[in-house]
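Engineer: Following the hints, put chain Y in place on chain D, whose structure we already have.
There are 2 protein chains.
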Amino acid sequence: MTDSLSYSQHLAQNARAAASELAPVAAGRKNAWLQRIAHALREDSATIVAANAKDLAAGVQAGLSSAMLDRLQLTPDRIESLAKAVEHIVALPDPVGEVIEGQRRPNGLFVTRVRVPLGVVFFIYESRPNVTIDAAALCVKSGNAVILRGGSEAIHSNKALQAVLKKTLGAEGLPQHAVQLVESTDRDIVGHLLSMGNLIDVTIPRGGKSLIERVAREATMPVIKHFEGICHVYVDATADEQMAIDITINSKCHRPGVCNAAETLLIHRDAAPVIWPRLAKELQSRGVELRCCPTSLVLMGSDPIKSTCKAATEEDYATEHLDLILSVRIVDSIEQAIEHIRNFGSAHTDAIVTNCVASSMKFEAEVDSAAVVINASTRFNDGGELGMGAEIGISTDRFHARGPCGLRELTSYKFIVRGEGQIRT
Amino acid sequence: MTDSLSYSQHLAQNARAAASELAPVAAGRKNAWLQRIAHALREDSATIVAANAKDLAAGVQAGLSSAMLDRLQLTPDRIESLAKAVEHIVALPDPVGEVIEGQRRPNGLFVTRVRVPLGVVFFIYESRPNVTIDAAALCVKSGNAVILRGGSEAIHSNKALQAVLKKTLGAEGLPQHAVQLVESTDRDIVGHLLSMGNLIDVTIPRGGKSLIERVAREATMPVIKHFEGICHVYVDATADEQMAIDITINSKCHRPGVCNAAETLLIHRDAAPVIWPRLAKELQSRGVELRCCPTSLVLMGSDPIKSTCKAATEEDYATEHLDLILSVRIVDSIEQAIEHIRNFGSAHTDAIVTNCVASSMKFEAEVDSAAVVINASTRFNDGGELGMGAEIGISTDRFHARGPCGLRELTSYKFIVRGEGQIRT
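So the protein lines, in turn, are chains D and Y.
Quick note: the first sequence uses my numbering, first residue -3, plus one each step.
Quick note: the second sequence uses my numbering, first residue -3, plus one each step.
Bound-form chain D, shown alone (with noise of 0.2 Å):
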């Protein structure tokens, strides 16, 4: 046996015991512990800051961007902002042990649905090591032991955090082995991790697309996987026109890094000649660059910003650019605009601007997206925003989560029968 195969187990082995032991934790206690994170998180800040200079003049020396080093930054002020968060995680409801359905039975059993920790979570993230409190936190209060693997940039900073959580979880004697940090940066223990489903419930792996196809095809357990997000804004023929442009530059410009920021502008013809020409301004200003049909090349006439636009590509339509590059295209009906989202999106988040009910209705109905927006940003699909408190991650997929996660998502459930001696005949 190899050693970073006995680590492994060791690791799932102890994550597995520790989510028994948890499982029947009430909320009280848990939320105890939240707050001597927040606490330590204020009292350790000092530490925790020297802990990461040493990741960040590694990422120096390694040639790392200033936006990664922005991202591995923590700063007293940034150290704050997570000891807040904590605190909101424990003005959370307790998703353990919420009764989710329940009946009383033709023969008098009482049934009802409950909902359980789903038993131990291994989050794989990268950069950013504010990641790890927060994942922590959700896991953790919604009765899951977790096993934290980030990135290697961000090693010494995890563990100083993961100090502070062992230090806490010790203090409320809750198990100690609730949060483990898999400290070397070996890669092959995140395979042999990744390969133990009998007790690791489940994978979440937070990063660039690559790890998380390498996750995908390597885990033996269930996935909650996050892919891209190719968003859309479809302007319909009877969109307000000022609406049109804010939720446009909204969902293009405001974080146009992040999954939720639109990649594609549609715009119903009836709509475009009066709206389009002015956006594509507003747009180029913030300095969007535009990849536009032919239709809209030729609405734009002779406004000199034309020389600056390129011709959209249907691989333009099929990327999630993550910059400040929007593709537009004049389409006939919201028919078609229907039609693009299937064909190009990624059922991420799709929205659309109209003043039209039967419009309004049909995009709903049509788009199967995680979110679909009416007259509002697509940055708004977010944990926090859609009012589940706080996420752990947004879910691409359709099967058991969908859309932002909280607390609920990282759930399963039992079914407690409770009779009087019925027996079934």
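Think of the hints as simulated: they come from the structure by calculation, not from any bench.
Remember, predicted model here, so these are calculated numbers, not experimental data.
Some hints could be false.
A pair holds if it fits inside one copy or across any two, identical chains being indistinguishable in the list.
[Claimed, not checked] Distance condition first, Cα-Cα at most 25 Å in a straight line; then the derived DSS-like pairs of lysine-lysine:
hint	residue 1	residue 2
1	LYS410	LYS205
2	LYS80	LYS163
3	LYS50	LYS163
4	LYS410	LYS358
5	LYS162	LYS302
6	LYS50	LYS162
Structural biologist: Here is chain Y on its own, set in the frame of chain D:
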């Protein structure tokens, strides 16, 4: 491209297209289709029985056991029951479009979580041809397209039933490919379909362990598995004597060959001296072979039935006999009973007989099985009995669906976000 590969691709692509067409169909039309099936089953009863006769003749030649031939047989009475079962599904609420939850956000957005079909279901089953109609009815009522792969021994019966499904889909104007039967018995087709995770949303295997293991190994999409049911009845110290006897006998003897039948009886040492000798006699008189721990043998005293009992081994405790065999163990405490269930059980169905509130609560909290039963038979873990109307199977997984899977368990959901121009700031 081989023939079986291109055939499989056709099936999957047809199903995908049918699923998109079917998703927005309202309950009225799906129910009208179900009524047509019930009508056609009655009308075509003779044709179906004739097709079934071919399977029976082939089965006799192939040397199938009389139990297997009985499972295979379709009589006019059984076809009438099948029609009634379909009419029963008409009466169940359509899960598609159900608003699971909804709220208005502080910024005025209306957010709802609405049930949608999973998409394409690949259903693999053995022997009983009535499952063909059941599965098709449940999948289509929940808005899914389904690919059915029945056992080769039932191929003529399944083709006759598929003819009913197809003509009624056509008559109702529903997509022809909403239900497709794999008409070839080429086993490669199963492998090809299992590789098409991009077209098929879930595979549900129903059959022996080797089938389920193959599917779990090869599937590139989520699987709803049904492994074994090693179910327990635990008779607590305070159990009512008659209730303990009735529940144990019902759990073991009512249908010993099914997954929710009890395999092991655990008795608290304080209850055993009174209850066990009488219960042993009752079980033995019903033909149950007893495999006993040393203490339970001692408690039988000089009763002559003792000589017919075997000593229980660890392997007995870990085996799903599916037969009139019961392992028996006297335990020192409820803790030891729970420990036994954790070590040897399969988290399917476990019952306690008790009159003690504290024991009942402890068992409920610490036994993590799909169904935890208090003072009733294990046989109640069944979709119909738990109030789900009908079931396509019983999941032994924790992810997505646990325990009986009815219409709701064949669905996913999407978020609908309605605004008046909201953007994120």
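Engineer: Within a copy, between copies, both or neither: which one fits LYS50 and LYS163 at a CA-CA cutoff of 25 Å?
Structural biologist: within (22 Å within a copy, 70 Å between copies)
Engineer: Check LYS80 against LYS163 for me: Cα-Cα at most 25 Å, and say if that holds within a copy, between copies, both or neither.
Structural biologist: This pair counts as within: shortest intra-copy Cα distance 19 Å, inter-copy 61 Å.
Engineer: Go through the copies and call it for LYS410 and LYS205: within, between, both or neither, with a Cα cutoff of 25 Å.
Structural biologist: Intra 34 Å, inter 23 Å, cutoff 25 Å: inter-copy only.
Engineer: Under a CA distance limit of 25 Å, which applies to LYS50 and LYS162: within one copy, between copies, both, or neither?
Structural biologist: Close inside one copy (21 Å), not across copies (67 Å); limit 25 Å.
Engineer: From the Cα coordinates, with 25 Å as the cut-off, is the pair LYS410 and LYS358 best called within, between, both, or neither?
Structural biologist: between (37 Å within a copy, 15 Å between copies)
Engineer: 25 Å Cα cut-off: does LYS162 pair with LYS302 within a copy, between copies, both or neither?
Structural biologist: Classified as neither: same-chain Cα gap 58 Å, cross-chain 54 Å, threshold 25 Å.
The structure fails to meet hint 5 from the earlier list, while all remaining hints are met.
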